[in-house]
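Q: So you can see what is in the structure, the chains are spelled out below.
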Amino acid sequence: MRLHLRSSIATHLALGTIGWLALAFLLLPLIVVIGVSFTETPYLKFPPQGFTLKWYAQFFHDTSYMDAFWLSVVLATSATLLALLLGIPAGLVVMRRSFPGRQSIAAIFLSPLILPMIVIGVALLQFATVAGFARSFFALLVGHVVVVMPYVMRTTMASLHSFDLSIEEAAQDLGATSAETFFLVTLPQIKPGVVAGGLFAFITSWINVEVSIFHSRQEFLTLPVKLFNYVQFNIDPLIAAASAVTIYFAVLAVIVLDMMIGLEKATSRS
Amino acid sequence: MRIGRLETFLLLGGPVLFLGVFFLVPFAMMALASMQSDDGTLTSSHYVKLATDGYYWSVLLLTFEIGAGVSLLTFLLGYPLAYYLTFHVSSPALRRIIYIILVTPLFTSTIVRAFGWIVMLGRAGLVNQWLRGLGLISQPLDLIYTQTSIVVSLAYTMLPLMVLAVGSVLQNMNRSLLEAARDLGANSLTTFLKITFPLSLPGVVAGSLIVFTLSVSAYVTPSIMSGGRHLVMSMLIYQQYMVLFDFNFGAALSILLLVMTLLLITAYVLVLERSGRTTAAP
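Line by line, the protein sequences are chains A and B.
Take 2 as the starting number for the first sequence in the working numbering and just add one per residue.
Take 1447 as the starting number for the second sequence in the working numbering and just add one per residue.
Treat the hints as calculated values from the structure; they're not laboratory data.
For every residue, glycine included, the Cβ atom is placed at its ideal position computed from N, Cα and C.
Partner residues are not named here, just some residues of chain B that face chain A (Cβ under 7 Å, in silico):
| hint | residue |
| --- | --- |
| 1 | Phe1473 |
| 2 | Tyr1545 |
| 3 | Val1549 |
| 4 | Val1666 |
| 5 | Ser1700 |
| 6 | Leu1703 |
| 7 | Leu1704 |
Excised from the complex, chain A in its bound form:
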């Protein structure tokens, strides 16, 4: 018995050590980026020397960074809205009505999740070049919608799956139209899943490089693509500040997700 206890304490300690080392491994690069963004030196220094916000000021006054920042915000917002508009009805029909080809339609809708993102990007580039909308906001938008819609659809389907059908049927038996049933009964019930899906969609678009890189122009870059182009040639505290801003965004999104539905629930659904 005592041996058993001792070995389980040893296991606990060993697992805890590996676990926290892995967590430290996850956090370290983010902490270093945030740290160097506050340095007073014109080169990277960690721990930062002194404390200054001048790199942030420079970032927020640089019109090219601000253009990229706002392009990313507008793109992620519109891609998410469009994905909700297309993904929720699609999830609803696939879960609530049986028809031939239902499974294949669901599989095709979700397939962008497992296909190489870069291949989705180049396929659309090829199409857009022929169709005459290459390197435009429209091309960026439709590419992002293709990539983020599965997140909305998957969480919608998962929420509908665990949803009591008889409530919907009761509403319809009592004379509600299907539209009324959806907005008054179904939507309030599946809201947490839809919110989680929408948030995942927004973030996936906000951090995307693999699709955006084929549809941007030099004077028309999303923030991640601009950072990507910059990092390959130059690293300085300014880009650390720009990167740190995106980390703050991520932390904010995580907190919102945690407060609205809880991280454990949100991540086990998606």
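Go by the hints and put chain B onto chain A.
A: Just chain B now, kept in the frame of chain A:
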């Protein structure tokens, strides 16, 4: 909810049309382009070039080697973390902190995370600065730009996905099975090997599939961490499209990556299904 025929048509029409035009048609066009020459005539020359030139095979091999290495590394690090999180952390506050640490990197662009590694290990990075400051080296060391650094930084990127996939399966495991094993005298190692691990395999499979497919198609991390010295498939595809403007050969490369990825995933699932049927009968 009962949905009528007309409503089905209206609700599904938009999404189907959208994906048809902006997803299926582009893929069909790419497949066609991969079999066309510059003047539009049909040709198999791109695929012949791929099949006969060993260079492309070596790039493909490196890509899949990296994918396999990343899957293995995330499993080795991620499984213990998921296990620890599920069975050893009971405080809700601590669980919450761990989940925040897991999800925050996922919500951060791969470029920012790769930048973190460059800041630490790059030629102008912190480690090189310190070593030079101490007078230990005169020229900056190449700490990154190796195949190992690509694998490590990709594993870093993918680790939360593996932990979440394994964690959700462990979380939903029927704990009375574990208690039964203990009551019947199995020690913790036996319980783990005979009960917990086999039951958690679906999570491991799901996790490693996600990690593998994302690793073989990753572009940002390998292109930054390789410093251009090691080429993976996605970088080759990017070159064809954006530097050489050879859309037809680029299309053939894309189709090759797509088909090989799907083949490997299918083979992996089939092998696991077969071994699962013989060893872990329910």
